[in-house]
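Undergrad: Sequence:
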Amino acid sequence: MGRATDALLVYGYDLGGDDAEDGWKVQQVDQYGGLLEQPWYNPDPDEDADDEDDTDFVSCAEAQLIREVAGFRETYPAAGDTAGYWERRRAARQRVGVTVRTYCSDGTPMYVLAAHVIRVSRGYVQTIDPRDLTERPARENWDTKLAAALDALGLTPVQDAPRWLLVSYGDGFH
Numbered sequence: 001m002g003r004a005t006d007a008l009l010v011y012g013y014d015l016g017g018d019d020a021e022d023g024w025k026v027q028q029v030d031q032y033g034g035l036l037e038q039p040w041y042n043p044d045p046d047e048d049a050d051d052e053d054d055t056d057f058v059s060c061a062e063a064q065l066i067r068e069v070a071g072f073r074e075t076y077p078a079a080g081d082t083a084g085y086w087e088r089r090r091a092a093r094q095r096v097g098v099t100v101r102t103y104c105s106d107g108t109p110m111y112v113l114a115a116h117v118i119r120v121s122r123g124y125v126q127t128i129d130p131r132d133l134t135e136r137p138a139r140e141n142w143d144t145k146l147a148a149a150l151d152a153l154g155l156t157p158v159q160d161a162p163r164w165l166l167v168s169y170g171d172g173f174h
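Mind the numbering: the sequence shown is residues 1 to 174 in full-length UniProt numbering, read in order.
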């Protein structure tokens, strides 16, 4: 199994994570830096949970965002007519305008809430227009989208405002 390492330049907020040295980087933490209970996220699901992938922070946060920000409340039908479900879900996800991304590693995940992500894999180069870094956030209302997402998640970052963050991600480092 190979290892991948990526650089991510994101516009948004650093949320930290359970295994981060500083813990979660939001105000909703306990005395040990752990995330306080959120109604949309259960890090310790029942053993009978159908799908473990649906209980990770990113999946739960994304589901909360498409529910509360985009108003998408459909569930995948167990049987019958499934036509169009994924297209409607994808459209709802785009309406949210932000995403939750993992950084650090798959074994020690930390998270950012991002309105824009530029990802560069090891061995590749990405050209960046410096004007985009200064003009796009205001032109595309990224701060407003991030604020709506934070409200839907019930999280208040310790970071005072959204900004460009350069983070790294590697997988295969369990």
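Bear in mind the hints are in silico, worked out from the structure with no lab data behind them. Beta carbons are placed, not taken as given, at the ideal position from N, Cα and C, and that holds for glycine. Careful: at least some of the hints might be erroneous.
As the list claims (entries may be wrong) - Have a look at the derived ranges for each label pair, beta carbon to beta carbon:
(1) Glu-74 with Val-125: 22 to 30 angstroms
(2) Arg-90 with Asp-6: 18 to 26 angstroms
(3) Gly-170 with Ala-63: 22 to 30 angstroms
Undergrad: Take the hints in turn and mark each one as holding or not.
TA: Checked hints:
The beta-carbon spacing between Glu-74 and Val-125, approximately 41 angstroms, falls outside the hinted interval of 22 to 30 angstroms. Distance hint check: the CB atoms of Arg-90 and Asp-6 are about 23 angstroms apart, consistent with the given range 18 to 26 angstroms. Between Gly-170 and Ala-63 the beta carbon distance is about 26 angstroms. The supplied range of 22 to 30 angstroms therefore holds.
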